[in-house]
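Undergrad: So the protein lines, in turn, are chains Z and U.
Going from the first sequence to the working numbering is simple: count from 1 and add 93.
Going from the second sequence to the working numbering is simple: count from 1 and add 93.
No lab work stands behind these hints, which were simulated from the structure alone.
Since the model is a prediction, treat every value here as computed from it, not as a measurement.
Careful: at least some of the hints might be erroneous.
Claimed, not checked - Derived list of chain Z stretches under chain U, where covered just means 3 residues or more per stretch with a C-beta under 8 Å from a C-beta of chain U: (1) 127 to 135; (2) 146 to 152; (3) 158 to 170; (4) 228 to 240.
Stated by the list, open to error - Quick list of simulated restraints, FRET-style, between CB atoms: (5) Z:Asp165 with U:Arg449: 44 to 54 Å; (6) Z:Gln210 with U:Arg159: 51 to 61 Å; (7) Z:Thr168 with U:Arg159: 28 to 38 Å; (8) U:Gly413 with Z:Glu365: 52 to 62 Å; (9) Z:Leu212 with U:Glu244: 38 to 48 Å; (10) Z:Glu139 with U:Glu431: 47 to 57 Å; (11) Z:Asp165 with U:Asp347: 49 to 59 Å.
Where a beta carbon is used, it is the ideal one built from N, C-alpha and C, also for glycine.
There are 2 protein chains.
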Amino acid sequence: MDPRVREHARTIVEHSTKIEPDDDVMVRAPPVAEDLAVAVAERIGEIGASASVSLRSARANRAYLRSSDPEDFDTPDHLLAMMEETDAFVLVKGSRNTAEMSDVPTETLSAYQRVRQPLQDARMGKRWVGTQFPAPGDAQKAEMSTEEYEEFVYDAVNKDWDAQREHQQQMVEILDPADEVRIVSGETTDLTMSVEGMKTVNDYGEKNLPGGEVFTAPVPDSVEGEVLFDKPLVRHGREIEDAYLRFESGEVVDHDAAKNADLLTSVLDTDEGARRLGELGIGMNRDIDRFTYNMLFDEKMGDTVHLAVGRAIRESVPEGRPYNQSATHVDMIVDMSEDSYIEVDGEVVQRNGRFRFEDGFEG
Amino acid sequence: MDPRVREHARTIVEHSTKIEPDDDVMVRAPPVAEDLAVAVAERIGEIGASASVSLRSARANRAYLRSSDPEDFDTPDHLLAMMEETDAFVLVKGSRNTAEMSDVPTETLSAYQRVRQPLQDARMGKRWVGTQFPAPGDAQKAEMSTEEYEEFVYDAVNKDWDAQREHQQQMVEILDPADEVRIVSGETTDLTMSVEGMKTVNDYGEKNLPGGEVFTAPVPDSVEGEVLFDKPLVRHGREIEDAYLRFESGEVVDHDAAKNADLLTSVLDTDEGARRLGELGIGMNRDIDRFTYNMLFDEKMGDTVHLAVGRAIRESVPEGRPYNQSATHVDMIVDMSEDSYIEVDGEVVQRNGRFRFEDGFEG
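Just chain Z, with the same shape it has in the complex:
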C-alpha cells in the first residue's frame, strides 16, 4: 500500500477524529477508496476501538433515486438509530465518475436530502471528518493525471496542522470580535453583513481534511448587496458557472447563472432557509495552489472567500443566538486574488489575496 495512504489514515484517526478505545466508529468510503478504508480500519483496531466499514455505491444510490417516487421518501429510522449510537464518523469522498448523479432529477435529490436531514443533524453532534481519496474521477474533474492529483491531495492532507492552526488564529482574532464585514471584488461583488455575536471557528483539519479556513455565521437578516461567484460550483456532477445573488434584508431577491441556472434555482427552492446565508468562510491554506472543482479543497484556497446558502454550521453559532436553518448547505466561491478586498469594521484586512499579517500586504 502507498505509505501516504497510511499517513492519511493516521491523520484521520488521531488528529481529525481523535478515536479512543471503545469508540464505535463508522467508516464510509466509495469502493475506489478501499485502500484508505483498509488503513483507517487497521489504525482503529490498533487503538482498541470498533470499526464498521461500509463502502457506498453511487451507482446503486442513483438507481434507487431514479426508480423512486419522491413522495415515498421518508426518514430511514434504522439509519437514524445507528447514527445516534455511533461515536465517530469517517466520511471519505472519491469518485470513478463525478457525474454519477447527473441524471437524477434535482427535485428528487432535494426531496431525498430533506428527509435525510435528521441524519445530518445526528452526525453533526458527534466527532466526524470528511476527507478525500485521490480517485481517477476527481483527478479528471481537476484536469490532472491521477498521479499528479495524488500528490496534490496528499500534500494538502498530510501536513503540519499545528502550524496551520497558528497561522489561521491571526484571522480568528480579527473576525471573532468584529461586527460588520464587507467583501468587494471588481465591479460585480459588494456585499455587507453583520457577524456580531457569532463565533469564528478555526478549521485546521478536524471536520474537514484538508482544513484551512476560518468561518463564521452571518446574522440572518443582515446581508445586503450583490455577489458574483466567479469560480464554478459543481453540484451533483453539473457545473453552475458565474452564479449571481442579490440580497435584501438577508434574503436572495434576485439570482442568475451563466450555466445551469435551473440548478441554482432548485438549490434556492429547497426550503425557506436556502435563500439566506449560513456561512462566511475565508480560505487560508496556501498549500492548495490550484482550483480543482472540488469544494473541500477549493474553499480552502488562500485567496478566496466562500459563502454558503442554507444552514449555518452549529459550531459558529453561540448558544441562544438565532441562526439560519435549512436542509441544504451549498458553498460558492469568490476569487479575491485581484482587484478585491475584505473590510472588517471599516478596516481592510485582506487585499488581492494577501492578509494584513502576511508579507506583501498593501493596505
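Using the hints, position chain U against chain Z.
TA: Relative to the frame of chain Z, chain U by itself:
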C-alpha cells in the same frame, strides 16, 4: 447490465424478501457484486420502499481484525440499533479472493463472531435473504471459468420456485411427523438422532437463494454415532477435509480431520453449543449438479445430507421446545450418492441419492 442480474434482483425483492412499500431495507454486498446491488436498489425504489446499500470490504475487515486485540471486542451498539429498526435484509456473497480472511487468527474470528451474535439474533427475526453473486474468486474456488460459473449461479437462482416447493413438500410430509432419523453412508457414517416435536422447514429460495433443502433441528441430547463428512468444508478460505465427529448423548466426544484439523477444533471450541448439532438438512435441488466449495450451493445438492454444529435455526424449533444455542453454525456435508441411505422411523426414504418419491428409487 446482464439481464440475468435484473432477474436475480426481482427474485430477491419479490420472492425471497417480499419487499413492501415503506419497508426500510438494508442491502449488503461486496464491491465486486455492485451490479446486483444496483439492480436490487432499483427494484426496491420502484416498489416505494427505502434502500440503503452498503458494500462491505473484506480487506478492511481483515485489517481491522488483525490489528485488534480480541479482548477489546464488544457488541457494536450502533449496528444493533440499526438492525432492530430494519424491516428486511439482502445479503449478497461474492469474492475477488475467497481466502481474504485466511491469515486472521481463528481465535480472533471466533471472538468477533461471539460479540456479534446479538446482531445475528436481531436479523433472524426479520425478513432476510442470503444469496450469491458469481464473482471471479468464487468461480476460481469452484474450478470454473467466470462465464461458466455465471451460468451455474443464474441457473440455480433464477428458477421456478413454486415447482421446487412442491417437490420438497413430499419430504416435509415424511420428516415433519417423524421421530427417529438414521443416516448411513459406507463404513464411515452411522448416525441416529431424534427430531420428535421439531418442525421440518421447506426452503424454496426465501432465506437462502438458491434454496432447495428441507431442514429440521435434532433434539439436542439425542444424537448418537459417528459421521465422516466426505465433502470438504471451506472455512474462512481454508479447507477442512474429511472432518470426523463421534457423538454420545448429543455431544461431540471425538473429532478429527485429514486437513486443517485445528480449524475444526476451533469451531467446536467456540462455546458449549458448538459441540452439539443444530441442524439436519437434506439437499433436494437437482439443478445444482456439481460441488463448488460453497455451502450455499453444496448443501442444496440433491444427493447430500448436511449437519450443522452450533445454533439451531429458530424456524425449525416450535415455541417452548429446547434447542441448541451457540454463536456459531457450521454446516458439513455427507455425500449420499453411493452405498448410502436415510431411514426415517425404520423405513428407508432415500437410497443412493434417490428419494422414495422419485423415479429410480430402490427401497
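Undergrad: Run every hint past the structure and note whether it holds.
TA: How the hints compare with the structure:
1. 127 to 135: Held - the region 127 to 135 of chain Z has 7 residues with a Cβ nearer than 8 Å to chain U, which meets the minimum of three.
2. 146 to 152: Our answer is that it holds, as 6 residues pass the Cβ test (under 8 Å) against chain U, meeting three.
3. 158 to 170: holds (count 10)
4. 228 to 240: violated (count 0)
5. Z:Asp165 with U:Arg449: 44 to 54 Å: Since Z:Asp165 and U:Arg449 have Cβ atoms about 50 Å apart, the given range 44 to 54 Å holds.
6. Z:Gln210 with U:Arg159: 51 to 61 Å: Violated: the Cβ-Cβ distance is about 38 Å, outside 51 to 61 Å.
7. Z:Thr168 with U:Arg159: 28 to 38 Å: holds (37 Å)
8. U:Gly413 with Z:Glu365: 52 to 62 Å: This hint holds: roughly 57 Å between Cβ atoms.
9. Z:Leu212 with U:Glu244: 38 to 48 Å: Taking Cβ atoms as reference, Z:Leu212 and U:Glu244 lie about 41 Å apart, which means the hint holds.
10. Z:Glu139 with U:Glu431: 47 to 57 Å: holds (52 Å)
11. Z:Asp165 with U:Asp347: 49 to 59 Å: Because 58 Å falls inside the window, the suggested range holds.
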